[in-house]
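Enquirer: What follows is each chain in one-letter form.
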Amino acid sequence: MESKFWLVAQREYLTRVRKKSFLILTLLVPVLFVGFGFLIARVAMADNDEIDVVRVLDQSPARLGSRLKSTARLQFIPVQGPLEQAKSAYRKSDDGGLLYLPATITPQQNTGIQLYAKGNVSLRKQKAVEDALDKILAEEKLRGAGLSQEKLDALRSSVDVASINLDEEGKEKSSNALATSGISYALALLIYMFIFIYGVQIMRGVGEEKSSRIMEVMLSSVKPFQLMMGKIVGIAAVGLTQFLLWGLLSWGAGTLVGSVVLNKFAPPKTEVATTATQTTADSAASGSISATTQPIDGQDAIQQATTARTGVFKVLADLPIGTILFGFIAYFLGGYLLYGALFGAIGAAVDDQTDTQQFMFPITMPLILSYIIGVSVILRNPDGPVAFWMSMIPFTSPIAMVIRLPFGVPAWQLALSLVLLAIGFVGTVWVGARIYRVGVLMYGKKVTYRELSKWMFYKG
Amino acid sequence: MQPILEALNVRKAYAQHTALDGVSLAIPEGSIFGLLGPNGAGKTSLIRIITQITAADEGEIRFRGQKLNPEHIAQIGYLPEERGLYKKMKVGEQLLYLARLRGLSRADATQRIKNWLTRFDIKPWAEKNVEDLSKGMQQKVQFIATVLHEPSLIILDEPFSGFDPINANLIKDEILELRQRGATIIFSTHRMESVEEMCDSIALINRSRKVLDGTVTDIRDAFKTQTYIVEGKGRLMVLHPDFEVLEHKERENGFFQDRIRLHAGTTPNDLLRYLIGNVEVHAFREQIPSINEIFIRRVRETMPETLVELEESSN
Chain A
1 MESKFWLVAQ REYLTRVRKK SFLILTLLVP VLFVGFGFLI ARVAMADNDE IDVVRVLDQS
61 PARLGSRLKS TARLQFIPVQ GPLEQAKSAY RKSDDGGLLY LPATITPQQN TGIQLYAKGN
121 VSLRKQKAVE DALDKILAEE KLRGAGLSQE KLDALRSSVD VASINLDEEG KEKSSNALAT
181 SGISYALALL IYMFIFIYGV QIMRGVGEEK SSRIMEVMLS SVKPFQLMMG KIVGIAAVGL
241 TQFLLWGLLS WGAGTLVGSV VLNKFAPPKT EVATTATQTT ADSAASGSIS ATTQPIDGQD
301 AIQQATTART GVFKVLADLP IGTILFGFIA YFLGGYLLYG ALFGAIGAAV DDQTDTQQFM
361 FPITMPLILS YIIGVSVILR NPDGPVAFWM SMIPFTSPIA MVIRLPFGVP AWQLALSLVL
421 LAIGFVGTVW VGARIYRVGV LMYGKKVTYR ELSKWMFYKG
Chain B
1 MQPILEALNV RKAYAQHTAL DGVSLAIPEG SIFGLLGPNG AGKTSLIRII TQITAADEGE
61 IRFRGQKLNP EHIAQIGYLP EERGLYKKMK VGEQLLYLAR LRGLSRADAT QRIKNWLTRF
121 DIKPWAEKNV EDLSKGMQQK VQFIATVLHE PSLIILDEPF SGFDPINANL IKDEILELRQ
181 RGATIIFSTH RMESVEEMCD SIALINRSRK VLDGTVTDIR DAFKTQTYIV EGKGRLMVLH
241 PDFEVLEHKE RENGFFQDRI RLHAGTTPND LLRYLIGNVE VHAFREQIPS INEIFIRRVR
301 ETMPETLVEL EESSN
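Order-wise, the sequence lines are chains A and B. For the first sequence, counting from 1, position 248 maps to 248 in the UniProt record's numbering; every step adds exactly one. For the second sequence, counting from 1, position 61 maps to 61 in the UniProt record's numbering; every step adds exactly one.
The shape of chain A in the complex, shown without the other chains (with noise of 0.2 Å):
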């Protein structure tokens, strides 16, 4: 009797893994991904690229132009000379800006502050000047009231907020609420997207099977639940296949393209600097050399961008991920059950593919209420009481609890909510099982409800 569901299941299988349609939604889908991505890191670099060289025509007494500290998008390039001469340098130049500050400027009296520019200048690179100057200001003002050198620096502070996630035992977790809400995003996507999927090809299967009157032929050598579990369980083998594969393409993929596109996009270190010294001759040609050129805060992007990194991984390694997995297993393939032995019923109740539509809205809106809610409340606060009954209910636990799962979940509550999404999906197997077995053979009746309801307790 076991080998007949796996000579179902294998059937269900090798027949759709073997498909055309399968193979192009294998390689297509990482291609698109890939493709996707690497428009996005385009596009973002291509916004990087305008780092900004911003000249600095600085007249003002307490040479504050000379304080202004580059940062990775922006680099202040000092410049001299009279204003006019300093604007026809820029605007023969490819630099982002000019910034005159006029001979006018105290800490105490600052209008009258320029920054010309090519076009319209983006509100960002405006308030980066604005930030900028208003720190020296700030500190020329410090400085006035007779603060020393060492007291400000001091004082600076390079302000980052870290998170630190206080968990029952006391214990200190560094938490990142952008990382872990973005793998609670991913780890629902991946259970909703799969229970969409092959959820519908279920349903799909069995409506091919009895539109094809193989049904009963089928039914005298197998038992209707054999026959309906070898689907559900093939078609689930099938999605891991694609997930599977999905997920190796595109990460062999995303590599590649990635190792290319970052050694010809990404600006090698020397190349800032030729653009520095670039400047520097130009501003030569017009007459103006400025003595010293500031140096460029390179080495301490990337420092910063370590340490982002590493940030996150501190955070990846500080979540439960044992918990996490486990979670995500139990929930993935309890979900796909519970849900598929619906979808099985749907497609052995109606004779036709249109009729489906009336039965599959009230098996799918919980699916995708638990996606919506789950992507918008519980994941901004995923201990509010919507998250905790929504990741009780079997039918929208397999999505809210895997949102919650790496913000931390006590114990009692995975454990209830496992044991609800197990009673869940035997019983959901169960209707299932008993609307298929009476619904697989019936002919050109039109199902309603009640006859369903009916089904369920009509005898062997």
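Mixed in with the good hints, there may be bad ones.
To be verified - Keeping only pairs whose Cα atoms sit at most 25 Å apart, straight-line, the calculated DSS-like set for lysine-lysine is:
no., chain 1, residue 1, chain 2, residue 2
1, A, K223, B, K67
2, A, K20, B, K87
3, B, K90, A, K4
4, B, K87, A, K19
5, A, K118, A, K141
6, B, K135, A, K4
7, A, K135, A, K125
8, A, K4, B, K88
9, B, K128, B, K87
10, B, K67, A, K20
11, A, K69, A, K127
12, B, K88, A, K223
13, B, K90, A, K19
14, A, K135, A, K151
15, A, K20, B, K128
16, A, K223, B, K90
17, A, K19, B, K172
18, B, K128, A, K223
19, A, K19, B, K88
20, A, K19, A, K69
21, A, K4, B, K87
22, B, K123, B, K135
23, B, K67, A, K4
24, B, K88, B, K135
25, B, K90, A, K20
26, B, K128, A, K19
Calculated from the structure, these hints are not laboratory results. Nothing here was measured: the structure is a model prediction, and the numbers come from that model.
On the provided structure of chain A, position chain B as indicated by the hints.
Expert: Just chain B now, kept in the frame of chain A:
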């Protein structure tokens, strides 16, 4: 001889109606058995119980004296009325799949599929998808699938309704061949005339109840009416104390055809002697009732209230 299959007082009820109401049957091993009755009589319900697609509410089915159980699936071949194949599967794979579900090993199944495909002259089709096959080809494949595991009991529900005449004859020959090799065959059909010459035994079912069963010969004998058909030339006397003319048809040039019933105590020879003395006899044969006629007579006797719908459905 022990029957291969027995049904003992089988009852099956659905929500709205009773499909089988205490049906008992015995199907002799090695015979061709006709399960006959109009549409909706309960034939398919009985078959679904025998093939274990559903279970009886009451009563029991015995296979070679044993209570029917899943082990017997491998010994039963079933061609349902609602039949089909996986459209997007190759013929060879499909047959292999169905055979393995019936308990055949991969090697055995492969060998037998080859033999059958050769026998039906469709070997080049093994690698084709079923949907690319003609209807006739699909019918052959379906038949092969039914008998591939060499079942000792083959059940064919409305076997010839879906088959074109050429395939129907092919299948008939195959069925006789299978019987020759010891298989038992159940034909289920509402078109009684299509199988009556092939069946050894029959059971007539109407309105979920068995109305008659036995060997075809016995049943015919029991329903004989001592009626003879006479064809000849001349003038036949209409009134005679020993027999009665039921029907008289005049043909051109003095030819006639009559149906004549003998009265008790009169033999066909008496009639023949009388005829020879009076007319020129061209044909003389007993009118044997068809199974359909027997069925209608039997129903008229036992459940007259169902007769109207019966006559409608048998047309």
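Enquirer: Would you mind marking each hint as holding or not holding in the structure?
Expert: Hint by hint, here is what the structure shows:
As the CA atoms of K223 (chain A) and K67 (chain B) are separated by approximately 18 Å, the hinted pair is consistent with the 25 Å bound. A C-alpha spacing of about 16 Å is found between K20 (chain A) and K87 (chain B), which places the hinted pair at or below 25 Å, so the restraint holds. Annotation: proposed proximity of K90 (chain B) to K4 (chain A) holds, straight-line Cα distance about 20 Å (limit 25 Å). Our distance criterion of 25 Å between C-alpha atoms is met by K87 (chain B) and K19 (chain A), whose separation comes to about 13 Å.
The suggested pairing of K118 (chain A) with K141 (chain A) is violated, with an alpha-carbon distance near 32 Å, which exceeds 25 Å. At roughly 29 Å between alpha-carbon atoms, K135 (chain B) and K4 (chain A) are farther apart than 25 Å, so this suggested pair is violated. Restraint check for K135 (chain A) and K125 (chain A): the C-alpha separation of about 15 Å stays at or below 25 Å, so the hint holds. Between the alpha carbons of K4 (chain A) and K88 (chain B) the distance comes to roughly 21 Å, so the proposed pair stays at or under 25 Å and holds.
Restraint check for K128 (chain B) and K87 (chain B): the C-alpha separation of about 10 Å stays at or below 25 Å, so the hint holds. Taking the CA atoms of K67 (chain B) and K20 (chain A), the gap is near 47 Å; set against the 25 Å cutoff, the hint is violated. With a C-alpha separation of about 14 Å, the suggested pairing of K69 (chain A) with K127 (chain A) holds against the 25 Å cut-off. Only pairs whose Cα atoms come within 25 Å are accepted, and K88 (chain B) paired with K223 (chain A) is accepted, the gap being roughly 23 Å.
For the hint pairing K90 (chain B) with K19 (chain A), the CA-to-CA distance comes to about 12 Å; that is within 25 Å, so the pair holds. Proposed proximity of K135 (chain A) and K151 (chain A) is supported: the alpha carbons are some 15 Å apart, at most 25 Å. Straight-line distance between C-alpha atoms of K20 (chain A) and K128 (chain B) comes to about 16 Å, which keeps the hinted pair within the 25 Å bound. For the hint linking K223 (chain A) to K90 (chain B), the alpha-carbon distance of about 24 Å falls within 25 Å, and the restraint holds.
Note on K19 (chain A) and K172 (chain B): the hinted pairing is violated, with a Cα-Cα distance of about 38 Å set against a maximum of 25 Å. Between K128 (chain B) and K223 (chain A) the CA atoms are separated by roughly 28 Å; this puts the pair beyond 25 Å, and the hint is violated. The suggested pairing of K19 (chain A) with K88 (chain B) holds, with an alpha-carbon distance near 10 Å, which does not exceed 25 Å. The suggested pairing of K19 (chain A) with K69 (chain A) is violated, with an alpha-carbon distance near 60 Å, which exceeds 25 Å.
The hinted pair formed by K4 (chain A) and K87 (chain B) meets the criterion: a straight-line CA distance of about 21 Å does not exceed 25 Å. A C-alpha spacing of about 16 Å is found between K123 (chain B) and K135 (chain B), which places the hinted pair at or below 25 Å, so the restraint holds. The suggested pairing of K67 (chain B) with K4 (chain A) holds, with an alpha-carbon distance near 22 Å, which does not exceed 25 Å. As the CA atoms of K88 (chain B) and K135 (chain B) are separated by approximately 15 Å, the hinted pair is consistent with the 25 Å bound.
A threshold of 25 Å between alpha carbons decides the hint, and for K90 (chain B) with K20 (chain A) the separation of about 15 Å falls inside it, so the pair holds. Using a Cα cut-off of 25 Å, the hinted pair K128 (chain B) and K19 (chain A) holds, with the two alpha carbons roughly 14 Å apart.
In terms of the numbered hints stated before, the structure departs from hints 5, 6, 10, 17, 18 and 20, listed from lowest to highest.
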